[in-house]
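Asker: Take the given structure of chain F and dock chain U to it, following the hints.
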Amino acid sequence: MKFPLKSAPHIQGKTKNSNILATVLKAALFVAVWSIFNRFFVFGIETALHIVFMIIAACAAGTAAHVIFYYLGTLKNNDFNFSKFTQKFTTGETVVTGLILALAMQSTSHLYAVVIVTLFAEIMGKLIFGGYGQNIFNPIAVGLVFNALAFGGTTLTVGALPDIVSAATPLAWLNSQNWIINPYTANNFILSSGGVLSMFLGTIPAFVGAGAIGETSRLALVLALCYMCYKKAADWTTPVIYVGVVFIIAAVYGFFIGAGFWYPVIHILTGGVIFGAVFLASDSVTIPFNRQGKAIFAILLAMFTMLIRFNTSHVEGVAFSIILMNMMVPFIDSKTLNITSKKIGAKVASVAITFAVALIFVVGFTILFS
Amino acid sequence: MGFFNKLKHMKLDGQKELTINKDVVDYTRPKKIAIPIKHLALEDFTVHVKEGDYVKIGTKLATGNDHIKLPLFSSVSGTVATTEKRDHVSLRKSSHIIIENDFKDEKELLFEPKEDSLLFSDTEIKDHMKNAGILGLGGSGTPTFTKFRNTKNVTSILINGVEDEPFISADEYNMGKFPELLIKGAVTLMKAADAEECVIVVKKSKKAIYEEILLFSKEYRGVKVITVPDIYPMGSERSLIKRIWGKTYKTIPIEAGVISLNVSTVIEAARTFASGLPLYERVITLAGNGFAQSTNVKVRVGTILSDVISEIGGYATDLPKTARLIHGGPMMGTPIITDDLSVTSASNGFVCIVGNDEPEAPCSRCGACTNHCPQGLQPMQIARYFKLKDKTALKSLGAGNCIECGLCSFVCPSFINVADSCKKGKVLALQK
Chain F
0 MKFPLKSAPH IQGKTKNSNI LATVLKAALF VAVWSIFNRF FVFGIETALH IVFMIIAACA
60 AGTAAHVIFY YLGTLKNNDF NFSKFTQKFT TGETVVTGLI LALAMQSTSH LYAVVIVTLF
120 AEIMGKLIFG GYGQNIFNPI AVGLVFNALA FGGTTLTVGA LPDIVSAATP LAWLNSQNWI
180 INPYTANNFI LSSGGVLSMF LGTIPAFVGA GAIGETSRLA LVLALCYMCY KKAADWTTPV
240 IYVGVVFIIA AVYGFFIGAG FWYPVIHILT GGVIFGAVFL ASDSVTIPFN RQGKAIFAIL
300 LAMFTMLIRF NTSHVEGVAF SIILMNMMVP FIDSKTLNIT SKKIGAKVAS VAITFAVALI
360 FVVGFTILFS
Chain U
0 MGFFNKLKHM KLDGQKELTI NKDVVDYTRP KKIAIPIKHL ALEDFTVHVK EGDYVKIGTK
60 LATGNDHIKL PLFSSVSGTV ATTEKRDHVS LRKSSHIIIE NDFKDEKELL FEPKEDSLLF
120 SDTEIKDHMK NAGILGLGGS GTPTFTKFRN TKNVTSILIN GVEDEPFISA DEYNMGKFPE
180 LLIKGAVTLM KAADAEECVI VVKKSKKAIY EEILLFSKEY RGVKVITVPD IYPMGSERSL
240 IKRIWGKTYK TIPIEAGVIS LNVSTVIEAA RTFASGLPLY ERVITLAGNG FAQSTNVKVR
300 VGTILSDVIS EIGGYATDLP KTARLIHGGP MMGTPIITDD LSVTSASNGF VCIVGNDEPE
360 APCSRCGACT NHCPQGLQPM QIARYFKLKD KTALKSLGAG NCIECGLCSF VCPSFINVAD
420 SCKKGKVLAL QK
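Protein chains in written order, with numbering that gives the first Met the number 0: chain F, 0 to 369; chain U, 0 to 431.
Calculated directly from the structure, the hints in this document are not laboratory data. Heads up, a few of these hints could be off.
DMTMM-like cross-link-like pairs, simulated, lysine to aspartate or glutamate; straight-line CA separation at most 20 Å [said to hold, decoys possible]:
1. U/Lys-190 - U/Glu-179
2. F/Lys-5 - U/Asp-339
3. F/Lys-15 - U/Glu-357
4. F/Lys-5 - U/Asp-229
5. U/Lys-21 - U/Glu-403
6. F/Lys-1 - U/Asp-12
7. U/Lys-5 - F/Asp-234
8. F/Lys-1 - U/Asp-338
9. F/Lys-5 - U/Glu-179
10. F/Lys-1 - U/Asp-317
11. F/Lys-87 - U/Glu-359
12. F/Lys-13 - U/Asp-12
13. F/Lys-231 - U/Asp-12
14. F/Lys-87 - U/Asp-86
15. F/Lys-1 - U/Glu-310
16. F/Lys-83 - U/Asp-356
17. F/Lys-5 - U/Asp-86
18. U/Lys-31 - U/Glu-111
19. F/Lys-13 - U/Asp-229
20. F/Lys-15 - U/Asp-419
21. F/Lys-15 - U/Asp-356
22. F/Lys-1 - U/Asp-86
23. F/Lys-15 - U/Glu-359
24. U/Lys-31 - U/Glu-310
25. U/Lys-7 - F/Asp-234
26. F/Lys-230 - U/Asp-12
27. F/Lys-83 - U/Glu-357
28. U/Lys-5 - F/Glu-45
Next comes chain F alone, as it looks inside the complex:
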């Protein structure tokens, strides 16, 4: 009997890329279903249906981008292979970006905006670099920045939304104040959004209404992250350090402007911090690969997020900072020490110095120039 000649090892571990993608897809779907049901009970069927249509449009646009790119790629050598073609879709690679991108967009976005943003994110963020694994920037962050710049002002009126839409979103309002709010206003803000617990669970209509779909419930996002970490599809390091450093910077700044414990909590529970931490900062393709690098990445990411929040009036601070940090990943990777390196002192020192610099820079800059 004859056998093929293949090099060792001849067995393979259970972790597969397609499994990782499937896990992320499941986590994102869980968040999507949670949000859809939430909107359905709060605003009724029309709003929920609009979200479903948005998600379908995003997934279809992502798939279309892949189809077009694959077809164009085969034109040169005329080697269109149908089995290869279908294989691409069974891994879920084509819909995962679209799904998460739809979740990160406002529920009042136009369907055409969703389609254009997804096409832009897939093509400019991922496909022109050579597809999954080759991209420098997180495609979702690319899409979000594009959305903020191109479709920032356009909103749609669906179902029972109008009176919420007419008011600015909580985050936009906070941004217009540069997050510098006195305890009285803050108290009102928290009360109007139903208290800290309601902000975490996402049960209050006024607060839920106009935000991004996936940011409805922080609880759902935390559960999604736990699921991805349990299935080894994501590393907990970057998300947890990111949220932690955002909390600490906000707490220190809050101390200087005389705010209390509620101030850092508002920072974490509004806007895209937790969403960005769970779905953007955990994507292994666009973050450093060792622990030291991941810690430094997360700290600097928090620094940029807080700088944008305090000193500009941009809404997508998380997406902007993710893109800024993605550019630094090759540099961080080349300068950090390998996992087995015994220079633990150097590793700890580098992370501590980064943290101190980030903290002093953000707080000092904001206090001096605002």
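Answerer: Chain U alone, transformed into the frame defined by chain F:
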């Protein structure tokens, strides 16, 4: 700070229960055997027999023409039929001596055996090892006596019973069945090397074997039995020596004052001292879902593999074309393209499994290969610089330290064969 440098450990699914609890199939009466006139890279042998000669078990067939002078023996009694070119497990054709078995099992002693091998003097022990051509049975096939040539600064002997390849359980069978021989051989070899201590290493999960060996080892001074965690890779002599004595070395363990041996080698050496015969039969593992049944088989050295496979029931009925036959375990074993070849004394088993033939996906930079590498290398970087054939970069990445365990490919979620590039990169890095 475990946060920054906690190496991830991988526990492989050993699958040893497929074979270890079953009775050993006896296939020691083959019709014919084929002894390869080849050992490692050496093919230059002086053949002492010709067609039609009558040989017995232990008759010397050939001697190597280098400084080792390795002898090759017949493992059955019968007549030499012919010498022909056949496939060898090293994937190259080489000449084999074919012997027809007459099933009389007549024996020719190499030396006068003694019931208690400790009665031999140390020079006698070394001579007998050389004359009986005892080889490392862990898979390397190094002649054992070469490790005993210069024993001036040897302080310890390491007997490696870790066997961390999945499926293969030949060593475990030998350890469980002949603990007394193992200790006897260990003490004899300690005497030959004039070593102070002898450390037998077994895996933590093999508790019964550990306790049995411990019981026998108590009679002798200097024999220690220790356990190591059940993770992969554990059985590399380099990491074991570092773990036990904290010593490192460049090329061979003797530089650190340690002689490293496999358990089966020690057991076979003890058997040789007691019988006066060379290694002529051994237990090999045939396992994997490609075979009709997985079992340990006792075979004569030189038996044709396809005969052994048909003895245990042949291949599984619906064997796909992608199934692989592997000489050794599935992590580090070499693939073989045909089953029409002879079992060498260094073969510890053959595995037939359906391999993973999924296409390579692009690297998703998950860091699994780096986080699992027992040598602390960056396999994906090495693979990248191997493609560029960049020797200086490979050297600075330490590609020469790769132990070829294959774990980087095993854990890769994108099915990139990193291990293959690392092995080739190692060769490049070790060049001047």
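Asker: Hint by hint, note whether the structure agrees.
Answerer: Verification of the hints:
1. U/Lys-190 - U/Glu-179: holds, 17 Å
2. F/Lys-5 - U/Asp-339: holds, 18 Å
3. F/Lys-15 - U/Glu-357: holds, 10 Å
4. F/Lys-5 - U/Asp-229: Distance ~27 Å between F/Lys-5 and U/Asp-229 Cα, so the pair is violated.
5. U/Lys-21 - U/Glu-403: Outside the cut-off at roughly 31 Å; violated.
6. F/Lys-1 - U/Asp-12: Violated, because 27 Å separates the two Cα atoms, which is more than 20 Å.
7. U/Lys-5 - F/Asp-234: The hint holds at about 14 Å.
8. F/Lys-1 - U/Asp-338: Roughly 7 Å separates the two Cα atoms, so the pair holds.
9. F/Lys-5 - U/Glu-179: Since the Cα atoms of F/Lys-5 and U/Glu-179 sit roughly 40 Å apart, the hinted pair is violated (cutoff 20 Å).
10. F/Lys-1 - U/Asp-317: Holds - the C-alpha atoms of U/Asp-317 and F/Lys-1 are around 15 Å apart, at most 20 Å.
11. F/Lys-87 - U/Glu-359: This hinted pair holds, its Cα atoms lying about 13 Å apart.
12. F/Lys-13 - U/Asp-12: holds, 11 Å
13. F/Lys-231 - U/Asp-12: holds, 18 Å
14. F/Lys-87 - U/Asp-86: This hinted pair is violated, its Cα atoms lying about 41 Å apart.
15. F/Lys-1 - U/Glu-310: holds, 19 Å
16. F/Lys-83 - U/Asp-356: holds, 14 Å
17. F/Lys-5 - U/Asp-86: Satisfied, since the Cα-Cα distance of roughly 17 Å is no more than 20 Å.
18. U/Lys-31 - U/Glu-111: Since the Cα atoms of U/Lys-31 and U/Glu-111 sit roughly 28 Å apart, the hinted pair is violated (cutoff 20 Å).
19. F/Lys-13 - U/Asp-229: holds, 19 Å
20. F/Lys-15 - U/Asp-419: Between F/Lys-15 and U/Asp-419 the Cα gap is close to 19 Å, so the pair holds against 20 Å.
21. F/Lys-15 - U/Asp-356: The given pair, whose Cα atoms are some 13 Å apart, holds under the 20 Å limit.
22. F/Lys-1 - U/Asp-86: Roughly 12 Å separates the two Cα atoms, so the pair holds.
23. F/Lys-15 - U/Glu-359: holds, 11 Å
24. U/Lys-31 - U/Glu-310: holds, 14 Å
25. U/Lys-7 - F/Asp-234: Holds, at roughly 13 Å.
26. F/Lys-230 - U/Asp-12: holds, 19 Å
27. F/Lys-83 - U/Glu-357: holds, 12 Å
28. U/Lys-5 - F/Glu-45: violated, 51 Å
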